[in-house]
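Here is how the chains run, residue by residue.
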Amino acid sequence: MSTEQHIKLPEGSIEKTTTTLNLGPTHPATHGVFQNILELDGERIVSAEQTIGYIHRAFEKLAERRPLYQITTLTDRLNYCSSPINNMGWHLTCEKLLGVKTPKRVDYLRIIIMELSRISDHLICNSVVGVDSGAFTGFLYVMQYRELIYEIYEEVCGSRLTTNMGRIGGFERDFTNTAFEKLEKFLAEYPAVLKEFESLFTRNRIFMERTIGAGPIGAERALNYGFTGPNLRAAGVDYDVRAHQPYSSYEDFEFDIPVGTTGDCYDRFLVRNGEMWQSLRIIEQAYKKVQEFKGAEASVYHADAPEYYLPAKEDVYTKMEALIWHFKIVMGETEIPPGEVYYSVEGGNGELGFYLISDGGRTPYRLHFRRPCFIYYQAYSELTKGAMLSDAVIVMSSLNLIAGEMDA
Amino acid sequence: MARPVRFNVHPIQADTKDNISLVNMPEGHMGEGFFTTRLSSVVGLARKNSLWPLPFATSCCGIEFMAVMASHYDLARFGAERLAFTPRQCDLLMVMGTIAKKMGPIVKEVYLQMAEPRWVMAVGACASSGGIFDTYSVLQGIDQVVPVDVYVPGCPPRPEAILDGFMRIQDLVGQESVRRRGSEQYKALLNSYGIQ
Amino acid sequence: MALTNETIKDRLTAKFGEQLTHFEEPYGLLTFEAPAALNLKVMQFLFDDEELRFQFLTDLTAVHYPHQQDRELAVVYHLHNLTDNIRLRFKVFTSSAQPDIFTATQLYSSANWMERETYDFFGIHFVGHPNLKRILNVDEMEYFPMRKEFPLEDQTRIDKDDAMFGRGALPAAANVGAVETPRNPAEPTVPASGTPGVKGSEQDWSTETTKQ
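Chains as they are written, first to last, in our numbering: chain A, 1 to 408; chain B, 1001 to 1196; chain C, 2001 to 2212.
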């Protein structure tokens, strides 16, 4: 090597024995934009440093500018694979602040939608774990059924992905018959597809060798890192907000909480898979309960809260009180009680929390989203210490990191 | 095992008689054993039906793009079979999702690494103009950093809209002159973005 | 005997006495305020105590109250006792002139990034944090955007006309309780630009990237 170098190398880079590899922010393995700078010793990872914020959209500052009902569109874009859960979580937070009680039918319909979106989120995560380990077919199979879930969303709220579904107090319109027909079709056909998807992966030798032992974490460390959701349940702790602090009438349903042992990628895959089966179970129970409503109850789709829920247009044009309520809601004259509330729901990735401080004004004084992805991504360097480079990729996709939720 | 895949619970028979577009040959003069046309038409025809896209998916539009890539709205039938994440091998940069200011230099870097001829499609409201995020941290449209050919509005745009945008790119590609990339106007356009 | 808010409050006052104030239960969640220097001691006590066992840090964030003298920045901790299923919230207040708070990273590893985020948004300096630098915003940013005096929009953007967006002067009324001064400390005024493609000086990507 000549002593004369015209390449400026960083300090100490010749003496160092590890290779620096920059994974991201644009990289096929990172689903979303976050960067990992790995120090590799051959193929073993010595350390990993994360940089995030490449899609920081200032949700919390934006929320200080918008009245409560306009913040739903922001919550869509948190974990965009399962937007209805975020929407419903936000509405539940507002309902807690405002003291609105929703009728049972609304709760059951909300549960159907939330479980459908949980299935849709876990489908993306599991199939993408497959894609990252080289198995593309499973992804194509299940994306078909995600399209059916999207069609159900379209029937209910008009939009596929960023749904802005529901209002404070319920839904904007009742579920049409077509929505129920599509739901029945889903319930009839999907279990076979899920079984087929499972059979592609769970006892697949290559997949098992790739994922077993990759990125394990113990229960103590997971709790200390603030893990929640499927990642925590894979480590052995059965903390599920739906069971611990039931919201939206989850206490009326029977479901199990799949729990893993080692917290590695294989356990996470199996936990998510198990949760999809449990979600199907919940949807079936909820659908049966919805069909049992008779008479006037069978067409209730929102709470009786005229201060916060826009009245029907026919009433606005004919009745005085409805006109006044409509005016007050739209112009922001409704009384929002001052106070602070923290509410959390079980999102696709874990405990999605909303910390809302209201000072009585039209817009929140402070809104903070407790985002599960942001909190557990910190553990990535510990999960991949000493692992091989290919494990880095699998661990990242099995954690189900959604950049929108991470950076908010 | 054939599985019927029709979700529309009240299906209407699609009218496919004269409704399928095929790739037609460009205009030219035909004769016994020869066919003359403009070079740009032939080159354009070849290029547009074999574009290799680079899906620069950052957020929600990226999930709609995954739906476009999947079998229901198949992008591969337009020739965009081979998606790669390396700009060195791609023609079309599809920016899908919000680009924050932190990400701006990276979009620029990826664009610079692409070889000519290259096209850019801004998918979604955020990539086109910042979308609903009129904030201190979001770049108000990627055309602040790279020249864009097609904008697909929507939040997120339906997969059909993304496919429509792709077809508009195909129109642009098919009609482009072979001299465009060396022309003064193009150089001026790149200079206005600070790209030599 | 099930753990109740009353029991927790009694244990806390038994240990810390009058230093913990403002005990409230908004919407059923026990909330109290602790002096800034005691935040770690309170969390350690709640963690170690066999009966209280608040061993999960749900959330760590801050709130800016610009009108409270010397108590402008509040750091809010949400803790959760998973075995008995009880949550708790406590706040520490500090002044924006010298916002120093002890870091919780020794006790909870999840506090690492949450404190970086709080620093990024509010400028609170966490004493003893291993890596306190900006996490979500660009590293070169000189101000702390979530503080109430800073506006939401990027002040150097030239394509969106404030008047057309219903924001003639700066939005003074929108942020309740905030004094919004029309200034962005990073950029002086809206720069003019003639040629298409050349954008404002803050977003001058051209000079940045041609230095390849």
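Any given hint could turn out to be false.
Stated by the list, open to error - Straight-line distance between alpha carbons at most 35 angstroms, and here's what the computed DSBU-like set of lysine-lysine pairs gives: (1) A:101 with C:2015; (2) A:289 with C:2041; (3) A:328 with C:2009; (4) C:2009 with A:101; (5) C:2091 with A:96; (6) C:2015 with C:2091; (7) A:313 with C:2133; (8) C:2133 with A:385; (9) C:2009 with A:385; (10) C:2009 with A:16; (11) C:2009 with A:96; (12) B:1187 with A:185.
The hints are simulated quantities; they were obtained by calculation from the structure and are not laboratory data.
Going back to the hint list, which numbers does this structure go against? 1, 2, 3, 7, 9, 10, 12
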